[in-house]
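Given next are the chains, with one letter for each unit.
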Amino acid sequence: MMTNLPKRGGSAIVGVAESDLGVVAPGTTPLDLMGQAIQSALADCGLTLGDVDGLFAAASQLRMPTLSLCEYLGIQPRYMDSSYIGGASFQSLAAHAALALEAGLCSVAVIAYGSTQRSARGSFVPQRDINEYDAPFRPRLPVTGYALAAARHMHLYGTTRSDLADIAVAARKWARLNPQAFDRRPLSVDDVLNAPMVSSPLGVKDCCLVTDGGAAVVMVRADRARSFRKKPVYLLGYGEAQEHHSISQMADLTDTGAARSGAQAYAMAGLMAQDIDVVQVYDAFTITTLLFLEDLGFCPKGEGGRFVQGGAIAPGGKLPVNTSGGGLSYCHPGMFGLFTMVEAARQLRGECGDRQVVNAQTAIAHGNGGVLAGQATLILGTSSTL
Amino acid sequence: MNKIERSPLQVWQDHLRAEELAYQFSPDANKAVFYPRLVCPHGGKAPLEWRISAGRGTVYSISRVYPIKGESYPVALIDLDEGFRMMSTVEGATGEPEEIGRRVRVTFRAVAGEADKLPPPLPVFVWEDA
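So the sequences go chain by chain: A and B.
Numbering-wise (our numbering), the first sequence opens with residue 1 and increments by one.
Numbering-wise (our numbering), the second sequence opens with residue 1001 and increments by one.
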């Protein structure tokens, strides 16, 4: 379990931004996108590069992202961290940043990510750690890992492909309200069901997008968070769980570490699922959303399929989930973890326009790394939640 | 610390060449261990023992993989009766969730390769009643 650090409400997000998203200009590098996002996130709060003395980054195309990024930006921060647990890295780095801020190791922490996964298709293949015992059977990773979880969930609980399609359709309906979203074309349940299979029971519309893109988040200690341009978004809770790496080593394919990371985050925040106004979960695949809704306590285990039916997580439904359009429809440049934090912060600031959730005071931003492997949960809130 | 004479992977492959499906057993934890390794993941102090599975088990989950090029094929997670799980394939499976829970048994299939560095046969599964 976590100790009493980081402190509930001890630090806050004061700046957020995306870089260019979707398909970026030829020759653009992951560092260009990180740099662009950092510049925008600093402008969002009124700080400059010279103020940044803490740098936190993870990237699948850069082996030593903080080294490359410091060189690119021409800065020498006092504190750096590039811990890597896949798409959950960014929630984890936010907690590390909170600890570093509270300990006085830095005063302005920037968390950054950038990827040209779409433009680099063909020339860049994300590095995978090979499990020698699994590899001869040619799982198509990561999708086969998630497909095995989906099949197991269907077997145990009667979840259907149509239930999963409801998740893809809900994400698309949110994306249609987000001008930044990559795919805003209409999408029906039948479109999802009739799309080509990738790894059964998951078809291509059950899978996240492949886009370019980057993002950055600026964090400071709570005692100075009110002195910036935008309303601060406080870190209320954090939890992390890492229980396997290969899908063949996951004890129960329908019980993810999000149950443990979520429980820690709720305990630290003093909140429960029913207290959360906006939900952002890493939706690499439709089944991922379903499993996290269950494991983060929004519905009982096994009920996820029935929970999402009939537009329940779409605009106007009973629970706003992935209001950006998520990895399924908004953007998915290799890893989506940081984008869940950007959207959560924007919802809590009330700047989401057509997709704004009314009176959102609390949000959960859950990151997922590898094949349901690294799990990290953040609970964020406005000043009214302190 | 003893030097590693044969790696866990080598030992496992030696057994495959003898058409044996090997796994490890932790005497301290009284639990099966797979994949093979040097350190007990259940906190046991005694060295892991090698054992040979009877090769009978149950489909824990299954998917049919559609590669970018070539024919589709099933990939499965099999729960062996000795208490360990491994990835493999089930010959003749559709890969639909309805096949979860069905009984299977292991068989060994030769893998193509150059004669002097021939890979070991693959442990694949067939329906128990096949």
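These are computed hints drawn from the structure, not numbers from a lab.
A hint or two may mislead.
[What the hints assert, rightly or not] Only pairs whose alpha carbons sit at most 20 Å apart, straight line, appear in this in silico DMTMM-like list of lysine to aspartate or glutamate:
| no. | chain 1 | residue 1 | chain 2 | residue 2 |
| --- | --- | --- | --- | --- |
| 1 | B | 1031 | B | 1079 |
| 2 | A | 230 | A | 252 |
| 3 | B | 1031 | A | 102 |
| 4 | A | 7 | A | 102 |
| 5 | B | 1031 | A | 243 |
| 6 | A | 231 | A | 44 |
| 7 | B | 1117 | A | 132 |
| 8 | B | 1117 | B | 1019 |
| 9 | B | 1003 | B | 1049 |
Status of each hint after checking the structure:
1. Of the pairs offered as hints, the one joining residue 1031 of chain B and residue 1079 of chain B holds, with about 14 Å between alpha carbons and a cut-off of 20 Å not exceeded.
2. At roughly 42 Å between alpha-carbon atoms, residue 230 of chain A and residue 252 of chain A are farther apart than 20 Å, so this suggested pair is violated.
3. For a cut-off of 20 Å, the pair hint linking residue 1031 of chain B to residue 102 of chain A is broken: about 43 Å separates their Cα positions.
4. Straight-line distance between C-alpha atoms of residue 7 of chain A and residue 102 of chain A comes to about 8 Å, which keeps the hinted pair within the 20 Å bound.
5. In summary, the hint linking residue 1031 of chain B to residue 243 of chain A is supported, as the alpha carbons are separated by about 18 Å, within the 20 Å threshold.
6. For a cut-off of 20 Å, the pair hint linking residue 231 of chain A to residue 44 of chain A stands: about 11 Å separates their Cα positions.
7. Restraint check for residue 1117 of chain B and residue 132 of chain A: the C-alpha separation of about 17 Å stays at or below 20 Å, so the hint holds.
8. Proximity of residue 1117 of chain B to residue 1019 of chain B is assessed by CA-CA distance (about 17 Å); at most 20 Å being required, the pair is judged to hold.
9. Annotation: proposed proximity of residue 1003 of chain B to residue 1049 of chain B holds, straight-line Cα distance about 17 Å (limit 20 Å).
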